[in-house]
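Undergrad: As given, the protein sequences belong to chains A and B, one line each in that order. Quick note on the numbering used here: the first sequence kicks off at 1 and runs consecutively. Quick note on the numbering used here: the second sequence kicks off at 201 and runs consecutively.
By construction, these hints were calculated from the structure, which means they are not laboratory data. The structure presented is a predicted model; accordingly, all values stated were derived computationally and were not measured.
Facing chain B, according to a computed beta carbon distance under 10 Å, are these residues of chain A, among others: (1) 128; (2) 141; (3) 163.
Partner residues are not named here, just some residues of chain A that face chain B (Cβ under 10 Å, in silico): (4) 82; (5) 88; (6) 104; (7) 129; (8) 138; (9) 159; (10) 169; (11) 175; (12) 190; (13) 193.
Here are the computed lysine to aspartate or glutamate pairs in the EDC-like style, where the Cα-Cα straight-line distance is at most 16 Å: (14) A:150 / A:126; (15) B:485 / B:419; (16) B:400 / A:157; (17) B:270 / B:235; (18) A:112 / A:31; (19) A:44 / B:388; (20) B:298 / B:308; (21) B:228 / B:468; (22) A:44 / B:364.
By construction, the Cβ of each residue, glycine as well, lies at the ideal position given by its N, Cα and C atoms.
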Amino acid sequence: MGSKTVKKSNLVNISTLFTESRSFVAMVRQESGVDEKDCYQCGKCSAGCPLAFDMDYMPREIMRMLQLGMVDDILHSHTIWLCSHCITCYSRCPRSVDLPRIMDTLRLEAIKRGHAPEKQIKLFGDLFLWSVRQFGRVFEMGLIMGFNLKSGQFFKDIMLGPAMLLNRKISLLPHKIADGGAVKEIFDRTKEMEREGGHS
Amino acid sequence: MKYAYYPGCSLSATGVEFNMSTLALARKLGVELREIPQWNCCGASYSHNRGHLFAIALPARNLALAEREKLEVAVSCAACYNKLKAAREAVKSSPEMKEKINRVLNMEYNATYDVLSSVEVFGKRYGLDNISARVTKPLTGLRVASYYGCLLVRPPQLAMDDQENPSSIDDIIGALGGTAVDWSHKVECCGAFHSTYNSKAGFHVIGDILAAAAESGADCITVACPLCMLNLDMRQANVNRQRKTKYKIPIFYFTELMGLAMGILPKELGIQKHFVNPGPLLRAKALA
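Start from the sequences, fold in the hints, and give me the full structure.
TA: Quick look at the structure:
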């Protein structure tokens, strides 16, 4: 992945950035409940991150970029998509900075602005939630087939199919819950409440 | 012992043997697991893409349903455990969040009852001494690498065990007469769905875990999460292609090993459904 992205520039005008992006940084602080200033750049998060080798910016760098207000670079980064939510960074952080929560907030903002450099990861997440909305549960077979079709990899993992079916490890039909409306309401009502400004 | 049981989505598909072995074991031990009626998906790590309130409300519906039965909740999948436990803590610690969640769900949820992983239900609540007393086929000579992964032991405030060197599964292996090996990758992440959508990196992460287990001299790895199982078991062939290795390390749910040691038939536990054939190892150790 590292080769996919080229860092835009090594030179940034910190004072302009800081003023321009103050509201963005404040929003991230508000939404995530994490004060980015708590990070003192020790790098323990990056040392323990299982996906760091595949990232364009180390988790520590994302924190520094947030402190400096480098909004565009952060929201276009692959790192915020590659985070697998293993929580190792937060567990080990001497300042208890909840980095996974920051990554969530940044990814959400990137989605709102239409940035998703990791298209397949975005697609998988969308299909996952689509399945939950439709059936109340994840329909794994549908999720994988939908993912392969929409990502244009029609034959991906097809060799695993027969073994999966033979072992009944995959069901051909979704397990739909009877009270599916209740789950749809959770989708809709949380959206409404967030729109009203009642989010936390 | 009676619990509300939350199996989670994977346990009716790719993780079906985790469900089979958990239920067979519970029957054997007289632990009553009552499946939460009409439970819904916990949202896993993808609910966050839709906001924090949604990520709490989705799993909280299951907890509200269980609360009506006045029961603690037993959870199999590690990710589900994490999401359900996080939802309970969020509601328990904030009256404001509780009010919002009750409004979203249109149900009353007071976070009265705890959320437990199946490792805690069997290992801590049923108890190691009681486990030992039920063993009819001890796992003598079986060297097991206990793999905890991420979401049972992180973040610290939701963890069921030590975050860096957990021992609850090792202790169960010991109570079954087996040998839990010391190894380096107990709590390393398996990369979750990277093996599906970013497979080169995903296989790399899985490969490191398999290599560490092999280096420790373990005969097999035991897990407590359907995604860890899928990655270590089904993707082992992909890792072998990527690394030019020939790993054939059987992977077991800890409930399968418990069941085997207590004389439950492998077929009842679902062991024949694994991708890496555990037959030769089980026969060598006189366990099947």
